[in-house]
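Since the structure of chain A is provided, determine the placement of chain B on it from the hints.
Here is how the chains run, residue by residue.
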Amino acid sequence: MGFITYASAVILQAISCGYQYGFDIIDITGVPGGTVYPALRRLEESGFLASKWEKHTIAQEASRPPRRYYELTRAGREALSLALTRYRLIDKVQLLKKQSPKASDI
Amino acid sequence: MSFFAPHRRLIALIGVIVPRRLRSDWRQEWEAELRNRELLLEDWDRLNWRNKIDLFRRSTSAFWDALALQPRRLEDEMFQDLRFALRMLLKKPGFTIAAVLALGLGIGATSAIFSVVSAVMSRPLPYPQSDKLVMLWERRIREGDNTASVSPADFRDWRSRNQVFSHMAALVDTSVDVTNGSEPERVRAGIVSAPFFDVLGIQPALGRKFLPEEEAAGRNHVVILNQDLWKRRFGSDRNIVGKRVSLSGVSYEDALTAEIALPSKRYAEPKQASQFFDQLIAELKALPGVKAAGMTSLPLSGDWSRTSIAIEGHEDMTSLLPQARPRIHSRTVTSDYLAAIGVPLLMGRMFTLKDNADSPLVALVNQAAVERYWLGKNPVGDRVQIGGGTPWREVVGVVGDVKHQGLNKEITPEAYRVWAQDPERDGKLVIRGSNIANVAAALRSQVQKLDKELPVSSIELLDTVVQRSIAASRAYTLLLTLFAAIALSLAVIGIYGVMAYNVTQRTHEIGVRIALGAQSRNVLAMVVKHGMALTLPAVAIGVGGAWIITRFLKTILFEVTPTDPLTIVSVVVFLLAVVLLACYLPARKATKVDPLVALRYE
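Going down the list, the protein sequences come from chains A and B. Heads up: the first sequence runs through residues 268 to 373, numbered per our numbering. Heads up: the second sequence runs through residues 15 to 616, numbered per our numbering.
There could be a bad hint or two in this list.
[To be verified] Here are the simulated distance ranges between beta carbons:
1) A:328 x B:74: 57 to 63 angstroms
2) A:274 x B:124: 55 to 61 angstroms
3) A:328 x B:98: 43 to 49 angstroms
4) A:309 x B:128: 39 to 45 angstroms
5) A:356 x B:87: 36 to 42 angstroms
6) B:98 x A:356: 47 to 53 angstroms
7) B:108 x A:309: 43 to 49 angstroms
8) B:74 x A:309: 19 to 25 angstroms
9) B:91 x A:351: 35 to 41 angstroms
10) B:74 x A:351: 41 to 47 angstroms
11) B:128 x A:356: 57 to 63 angstroms
12) B:128 x A:274: 46 to 52 angstroms
[As the list claims (entries may be wrong)] A partial selection of chain A residues facing chain B, derived with a Cβ cut-off under 10 angstroms:
13) 286
14) 289
15) 290
16) 293
17) 299
18) 301
19) 302
20) 303
21) 305
22) 318
23) 320
24) 326
25) 330
26) 332
27) 333
28) 334
Because the hints were derived from the structure by calculation, they are not lab data. Glycine included, each C-beta is placed from N, C-alpha and C at the ideal position.
Looking at chain A on its own, in the form it has when it is part of the complex:
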């Protein structure tokens, strides 16, 4: 299981929460497009994401080209849950550090 970056984890999380289009991911995460799109390409290439084009009928109704949306693959879901525990652990460690007595106090 490959290690994913924090930004990748955030993007995977956004997609798993239903923000499946590039711009939606940008808006919800606040990560700039210049980071989100390359990350999407990378995650797709690594097999964490799969991209699909929306149905032509929807696009025609809206009189615009079909949009591309992203879905988590099984590997993507696993990577995300792993990343979530990892980053949660980091948060915990940070909390621990705040609460623990200083070395000089011991």
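Same frame as chain A, but now just chain B:
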């Protein structure tokens, strides 16, 4: 919806740098997102400026997306190109081999030539600011000598009137015997004026440089050792400064204190030295396998100083002061030396044992001296003065020229005096004979037997001496030969490739001509003529270039002028033959092909 939407135009523009395979998907994704956003925010014309700016800002991030996709362009298109190239190369193995050879040789030769040229030919001397070091010679136009040694008086004048150099020093190349410790050893030495090390810009690692007052005669003898000798002979003794070092039987001191020179006691009389050599040579000649053994006063190789010559009765020479007279290399030899070294007699007679201290003084000159100073006339019987103020001696014979100065140097006039009449205290021994390796060991023991303290150095074959004198040139020559061979192969491959390709391209045309009734010899003549029309100007340019560039090779050429006609002509003829072949072979193939096939050939 408006067609004027700068953000979408920007996407179209950025899309140009997206790898072609991904481009349409990429554009569609971005356009769809932007259009969707527009629609959510109502139409473009009704958007407020804040939303417009936001859309434009979003579309600019497409640029980073496109940039991030660049590595895939490399992968995709590079591998595609590589596969295509490989297929084409495999299809034409002849072309492939030629191209690979040309590239390999070209790259290899270029880097090799560059490293050699930069390392050997253009490497600065190992002194600071070596580009500001110059060596001055005296030019003697009358003798055509551009590198004559400078007299001490002239040097002092030059130095006192010098306004351009920061330091000037004179240098005489010589050799001395180091006699401290076990075995005496002959080493190279320079007799220099005090600022010598200032000229070179180097500081002694230990002790001090020479002082100006040490130039004066009668002062303490001082010496500076180089690192190699110091390490090898004096065990890197850091306390050596101030100690006495024994050189040449003349007791010299190191850089700080002093002692005055004393000549070697044992051979103070010329006769004693002469006797020693006579005895040694006689014993050497008695050794099995030895045919001839002789001594010469000068080393066998190297550029050594010259002395004056005057021919009796030649007013133009005798009326001049010795220092203004023509110069000649002069060496003292024992009677057997010339036979030992293998110099032929051309006129008159060689020295014999009867030419001794009690008989009339005699000399031999070489062919070059006869040509220059006797203008080719027979000199036998003439009397000459070799060195100003010396007694007159009779020329008894003319001998062949010897390249004593080095194989790649010009032959210079030489005079020989006979050892018995002009004894020297040291010299080089030459022994000719069979089984010479055993003689070397015998020689050492013979000398030891006669005098235990006498240094015998550099026992080696004459051939080795010759080899060494040309070793540097030989290395260059080997390298340059290699480079020349590579360059020639490159030229051949290049010319053949271009011409053959050129002719192959015309297969179609040749087919048309033959279909229309052209004879194959007409076609061949046409193709060859065309090839020659291309080649001849190229050859002219090449020869012109060679003419200009080869003058830089002059210093390392031996018996070949830089513009040797034979070399140039043979190279040109060879390359023309290659061109002829490169035109002829494909053209003949084209004429043999059925015109219909040739017509279809693309």
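Going through the hints against the structure:
Between residue 328 (chain A) and residue 74 (chain B), the C-beta spacing of about 29 angstroms breaks the proposed range 57 to 63 angstroms. The supplied range of 55 to 61 angstroms is broken by residue 274 (chain A) and residue 124 (chain B), whose beta-carbon atoms lie about 48 angstroms from each other. For the hinted restraint 43 to 49 angstroms between residue 328 (chain A) and residue 98 (chain B), the CB-CB distance of approximately 44 angstroms keeps it satisfied. Range check, residue 309 (chain A) to residue 128 (chain B): Cβ separation about 43 angstroms, and the 39 to 45 angstroms hint holds.
Taking the beta carbon of each, residue 356 (chain A) and residue 87 (chain B) are about 39 angstroms apart, inside 36 to 42 angstroms as hinted. Between residue 98 (chain B) and residue 356 (chain A) the beta carbons are some 51 angstroms apart, a value that agrees with the proposed interval 47 to 53 angstroms. Hint check: residue 108 (chain B) to residue 309 (chain A), Cβ distance near 46 angstroms, so the stated range 43 to 49 angstroms holds. The hint said 19 to 25 angstroms for the Cβ distance between residue 74 (chain B) and residue 309 (chain A), and at roughly 20 angstroms that hint holds.
Distance hint for residue 91 (chain B) and residue 351 (chain A): a CB-CB separation of about 39 angstroms, consistent with the stated range 35 to 41 angstroms. In this structure the hint that residue 74 (chain B) and residue 351 (chain A) lie 41 to 47 angstroms apart at CB is violated, the actual value being about 32 angstroms. Checked against the given bound of 57 to 63 angstroms, the beta carbons of residue 128 (chain B) and residue 356 (chain A), roughly 58 angstroms apart, stay inside it. Separated by about 48 angstroms at the C-beta atoms, residue 128 (chain B) and residue 274 (chain A) satisfy the suggested range of 46 to 52 angstroms.
Residue-level restraint check for residue 286 (chain A) is violated (minimum Cβ-Cβ distance to chain B is 13 angstroms; threshold 10 angstroms). With its C-beta approaching chain B no nearer than about 5 angstroms, residue 289 (chain A) sits inside the 10 angstroms limit, and its interface hint holds. Using the Cβ-Cβ criterion of 10 angstroms, the hint placing residue 290 (chain A) at the interface with chain B is satisfied: the shortest such distance is roughly 5 angstroms. For residue 293 (chain A), the interface hint holds, since its Cβ comes within 10 angstroms of a Cβ in chain B; the closest pair sits about 7 angstroms apart.
Among the interface hints, the one on residue 299 (chain A) holds; its C-beta lies about 6 angstroms from the nearest C-beta in chain B, closer than the 10 angstroms criterion. About 3 angstroms separates the beta-carbon of residue 301 (chain A) from the nearest beta-carbon of chain B, less than 10 angstroms, and the hint is met. Satisfaction of the interface hint for residue 302 (chain A) is found here, the shortest Cβ-Cβ separation to chain B being roughly 8 angstroms, below the 10 angstroms cut-off. With a least beta-carbon distance of about 8 angstroms to chain B, the hint placing residue 303 (chain A) at the interface is held under the 10 angstroms criterion.
Below 10 angstroms, beta-carbon pairs count as interface contacts, and residue 305 (chain A) has one with chain B at about 4 angstroms; its hint therefore holds. Satisfaction of the interface hint for residue 318 (chain A) is found here, the shortest Cβ-Cβ separation to chain B being roughly 8 angstroms, below the 10 angstroms cut-off. A least Cβ separation of about 8 angstroms between residue 320 (chain A) and chain B falls short of the 10 angstroms threshold, and the interface hint therefore holds. Restraint check, residue 326 (chain A) versus chain B: the minimum CB separation of about 7 angstroms is within 10 angstroms; hint holds.
Hint status for residue 330 (chain A): holds, given a least beta-carbon distance of 7 angstroms to chain B, under 10 angstroms. Because the beta carbon of residue 332 (chain A) sits about 4 angstroms from the nearest beta carbon in chain B, less than 10 angstroms, this interface hint is met. Taking 10 angstroms as the C-beta cut-off, the interface hint given for residue 333 (chain A) holds, the closest approach to chain B being about 6 angstroms. Nearest Cβ of chain B to the Cβ of residue 334 (chain A): about 4 angstroms, under the 10 angstroms cut. The hint holds.
Comparing the model with each numbered hint stated earlier shows that hints 1, 2, 10, 13 do not hold.
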